[in-house]
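4 protein chains.
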Amino acid sequence: MGNHFGNIFRISTFGESHGPAIGVILDGVPSGIEIDEGKIQLDLSRRRPGQSGITTQRKEEDTVEILSGIFEGKSTGTPISMLIRNKDQKSKDYSHISNKYRPSHADYTYQHKYGVRDYRGGGRSSARETAARVAAGAIAKMYLNQTAGVEFFAYVSQVGTLKLQKSYLDLDLSKSEENDVRCPDPEMAQKMFELIDQTRKDRDTIGGVITGVIKNVPVGLGEPVFDKLHAELGKAMLSINAVKGFEFGSGFEGVKLKGSEHNDEFYEEGGRIRTKTNYSGGIQGGISNGEDIYFNVAFKPVATIMKDQLTVDHSGKETSVEGRGRHDPCVVPRAVPIVEAMAALVIADFDLIRRTNKLRH
Amino acid sequence: MGNHFGNIFRISTFGESHGPAIGVILDGVPSGIEIDEGKIQLDLSRRRPGQSGITTQRKEEDTVEILSGIFEGKSTGTPISMLIRNKDQKSKDYSHISNKYRPSHADYTYQHKYGVRDYRGGGRSSARETAARVAAGAIAKMYLNQTAGVEFFAYVSQVGTLKLQKSYLDLDLSKSEENDVRCPDPEMAQKMFELIDQTRKDRDTIGGVITGVIKNVPVGLGEPVFDKLHAELGKAMLSINAVKGFEFGSGFEGVKLKGSEHNDEFYEEGGRIRTKTNYSGGIQGGISNGEDIYFNVAFKPVATIMKDQLTVDHSGKETSVEGRGRHDPCVVPRAVPIVEAMAALVIADFDLIRRTNKLRH
Amino acid sequence: MGNHFGNIFRISTFGESHGPAIGVILDGVPSGIEIDEGKIQLDLSRRRPGQSGITTQRKEEDTVEILSGIFEGKSTGTPISMLIRNKDQKSKDYSHISNKYRPSHADYTYQHKYGVRDYRGGGRSSARETAARVAAGAIAKMYLNQTAGVEFFAYVSQVGTLKLQKSYLDLDLSKSEENDVRCPDPEMAQKMFELIDQTRKDRDTIGGVITGVIKNVPVGLGEPVFDKLHAELGKAMLSINAVKGFEFGSGFEGVKLKGSEHNDEFYEEGGRIRTKTNYSGGIQGGISNGEDIYFNVAFKPVATIMKDQLTVDHSGKETSVEGRGRHDPCVVPRAVPIVEAMAALVIADFDLIRRTNKLRH
Amino acid sequence: MGNHFGNIFRISTFGESHGPAIGVILDGVPSGIEIDEGKIQLDLSRRRPGQSGITTQRKEEDTVEILSGIFEGKSTGTPISMLIRNKDQKSKDYSHISNKYRPSHADYTYQHKYGVRDYRGGGRSSARETAARVAAGAIAKMYLNQTAGVEFFAYVSQVGTLKLQKSYLDLDLSKSEENDVRCPDPEMAQKMFELIDQTRKDRDTIGGVITGVIKNVPVGLGEPVFDKLHAELGKAMLSINAVKGFEFGSGFEGVKLKGSEHNDEFYEEGGRIRTKTNYSGGIQGGISNGEDIYFNVAFKPVATIMKDQLTVDHSGKETSVEGRGRHDPCVVPRAVPIVEAMAALVIADFDLIRRTNKLRH
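Residue numbers (the working numbering), protein chains in the order written: chain A, 1 to 361; chain B, 1 to 361; chain C, 1 to 361; chain D, 1 to 361.
For the record, the hints were derived by calculation from the structure and aren't laboratory data. Cβ coordinates follow ideal geometry from the N, Cα and C atoms, glycine included. Treat the hints with caution; some may be incorrect.
[Stated by the list, open to error] The following label-pair restraints were derived from C-beta to C-beta distances:
{"id": "1", "chain 1": "A", "residue 1": "Gln41", "chain 2": "C", "residue 2": "Gly38", "range": "57 to 65 angstroms"}
{"id": "2", "chain 1": "D", "residue 1": "Glu37", "chain 2": "C", "residue 2": "Lys163", "range": "29 to 37 angstroms"}
{"id": "3", "chain 1": "C", "residue 1": "Gly50", "chain 2": "A", "residue 2": "Ala148", "range": "24 to 32 angstroms"}
[Said to hold, decoys possible] A few chain D positions that, by computed beta-carbon distances, are all more than 12 angstroms from chain B:
{"id": "4", "residue": "Glu34"}
{"id": "5", "residue": "Gln198"}
{"id": "6", "residue": "Lys258"}
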């Protein structure tokens, strides 16, 4: 359990941060998709640590190797498997942490659940696993782009208390990649950068919010009742390391409104049914209505700080622990491609399921 | 797709609001659970419309009939199926809405997706379906109570802009059921009641927030990576009609904190590993750590208002529509047992999966 | 586990032989299928005990009630649920068997597995459960008939040592329903009837073989590797009570042939690729090739005989048990509609999955 | 679809015969199993072509690389992934077959289903995929051996018309590995070897039967109704390349018996409930009863013969094709470890599910 995502367009990831490799199998990918390996590599680069002035130290290189499922540049309908080797697996000395539970990490829960854990790092709970998702998401994006022109956007809309007040509609989303913070508002991006830089100097970490936007979504994605489009999208986002909350459309703010304010009136435009407002966030009754899907994802400050913290060891004895190695004061900017990837995987899966909904399709 | 929830402790619901009946099958329920039919009926009564001064009109009676899976008062390990007949299925005249898309309802998306829909009501998208979940959740609670003493609490913590500022730790949660609003703070409950009453008089609706709390959760529930405990919990909540957001532990507020503030230090207490603070919300690395799980669920104002609204018909022609029948100005209070039920289903499922995690268990 | 079948076109059955009702939910049925309730009832009548001169005693009437998923005569895409009430639930005295393990029944394995069982009959292991499958299969047949003209045939080809030597190609399959034995060869049917009648007089039971034939199967059904069409078909048949074996195409006889004899040469006929012989049984590499699918299903003699047999009780003490009530000397004839139903469910499911295989479909 | 097997102890395989590698992910493997890599390698060697005097030519070496899920010699509860690189991927000229449908291969069905196929070999339909299953099965055997002492045996009981008439009870199963044919009766083994050798000289192929035996099976494996133990076992076997039939216990011969002959009487022995005969094949009502499970699997002669055969090309034009490369006159002996592996995967999965069946376990 736990290592699969999706129903038809389905991924299975494997690998630990300190093992030989991580990877992913995509099952159910339709045949005939043109696969551009460069795009997979590009998204992996956007996710990797050490790509910007925000993170310090080690520069991982995540090179993907495709092992199956592609022939003459196109998907064949068989499982696509991709492998990313782990670098820097030098045999360090881990004796200083092998027996300690790092605060707000998964050390204690894994040890209790499985009776054993790979103490050299987060093991399976490490964010390194998300590289496999990003590679898979790149292929989901190719599928959706080639069938329907679906477009995915994500950007940092909050770091600590610095919150972008503008709606995505008032931003030029193409500018997100122009700065290290991945915030499309240059002025706010600069402020966020300074806050993150100060946090780095303080040997601390800070949280943030990513806003996601999906455009050109076909009508009819999502299944009734339990597998509502936004429920699956929410699960996808909440499965990303450090995520604490998800909201779509009007979200938590929407609770303050009256129905008469919140309801999105329908109108007709060029033969297409549209809504005047979009508090629904592009999803009604759990099914896409063709309007933009937009949502927010809350990330806590990550647990690895470069400071001494009190904790206990396996026997319950009090001790202390201090983060070593790479310092990521704010992981939110490099979580942007992960949010895009998970969104693409959800949409691709529902797009395939949609093909089975009507007698003649 | 879409009508199942859970992996081992798994439910399948069926039925439309205006068909003969709705119901649910529970598969994978362990044998030997004592089933108290009265408790199922009690939770159904807490969910049904017309139970309080908030909702007006029709008083549904949801009587459950158990069809299988129980012998001599105990579960047998075979599927438990439960049926709830729909009342009031008089053949009304629906011609005034059969061809119209009600704003922010699922009419348009269902029609587009399936090419057909039951225009007599929400059909499968009706909140009536949640009665089946509540019946199933009651059995999940019995299982968890008999094995581990897990306790579920849910209460209304916000209606419109009226927001309870206290933490669940500072409230007497047993008082939630003492008022129609299901808010454990009597003073705030009164204010909320007045706001809802005014909304009812305005023929409008309003949103709100439900806070959920789960106590005595065994350590080790939840699976790594995609099926994290909070991810599945989030999906469960987002699958409830009208829900727009989910956060757990520190949630959206947590993004403002530094890691050094947010990290939950471990300590030992009576042979058990505990955390001093609980920003993690009882879940670390996607797996329960034994501390309280707490979360918030945002509900939009429901779409059925008693006012005239502009919309289009199937052909795209402009028309108007007005809500008729029962008026539910704020569904949040009666969504409380649904939140509890979904939480119980998630916990029960992960509790069964946990049994398969270790070589010897 | 165990009560679901299928992936997209998916059924869940529930109910015990001596409970109030049995039933089935079909999930994933596409919208727009014309549902003929009479055909469902007809297949149920073909399965029910006491329909012919073979079985003696009680004449059950299995009346189906459709509870959801159909509107104005067509499927809506929501779950179709059907209920069949159990008759004759008089409170008999079961004390003579409540504590005994009937030989070759599921009494012992259920008791050991669950620690509890409904001793009033087979409970969940009773063949009565197959009525729910037959009802679901009738809808699968409607779907396949309306989309592709697929036709399902099944007939009794062996009873005890009486084995029909003719291939299905040399028989008029429409004649199967003309006699109680459901064998399309009238002469053999008469011999089989006599054997069954003698077995009945002997208060014993006897086994047999059902041959299934599926015509007009679309090319491309079945998935590679584990979910091969014949693997799923085999599982479907082996899941029917009393089945001990499954073979398709050349089957167990095919092992005797050389590759040069067994290979089916391709040729072209009217723009369609065909094979000259059909040892493959219409399936190559696990995927349908458009030729007839044919297969055999072996049924053991059922365990309920009207004779005294030695056995043990729950404590392991030696005792004896004798069958009472209805005597079914050969259940094979009335298993014919079950074989058809399971075949239809497999084909319908793969037909939906096929829609997701190619980029453009 | 189609590349996963199992529910909790679950495998996903990937890779084509002429791609860079094949591999497998095992998900749901409990933590704490001691992993002996040598045993995995041993089973792979038993499966590989060219290991004996039967097959001619190329000697593949299948070297497994474990990429994740194991730490300090034990499983950790995270996915175990294994990779086997393909050798001999020299760029041959495939133009002579790229456009032709080889008789009784999957060329036509894959081309029709996906619109594209890897014409350099069987691609995903190649028996090479089974190496991944064998590696996974070796781990399933370790799990079952360490928890319950379950033992798996498989041997060749028929080649062409040469059929071993003895029951497995009258054979010394430990002798199967002492000859190239994997038949535990030395005399019959010699005859089979001669028949296969003649077939090789004739540039032809021949079929056979493998008998499987599972000892020390815990009582209670298998789920009611659809996921009966023998139904899943049958599906597992039918999913192996070239398999045409499956029977367990009394099988196809059992149909000839009377119930009074076929029923297995219970008795008590040393506090354990046993059966005097075992026509049930260790499974009653779909659930293991602790007696030996035994079954037969029929393999057709494989399609690749070294002779010229008539066929058509993609356009339907008549042409001919002749097998080249390695000649495997009878693949049945080297399918023995595949049968064992699939059996072990089925038993391991049900053993985990069993843990979830009772309130207290």
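Structure-based check of all given hints:
no., hint, in the structure
1, A/Gln41 with C/Gly38: 57 to 65 angstroms, "holds, 60 angstroms"
2, D/Glu37 with C/Lys163: 29 to 37 angstroms, "violated, 50 angstroms"
3, C/Gly50 with A/Ala148: 24 to 32 angstroms, "violated, 56 angstroms"
4, Glu34, "violated, 9 angstroms"
5, Gln198, "holds, 49 angstroms"
6, Lys258, "holds, 31 angstroms"
Going down the numbered hints, you'll see the structure goes against 2, 3, 4, while the others check out.
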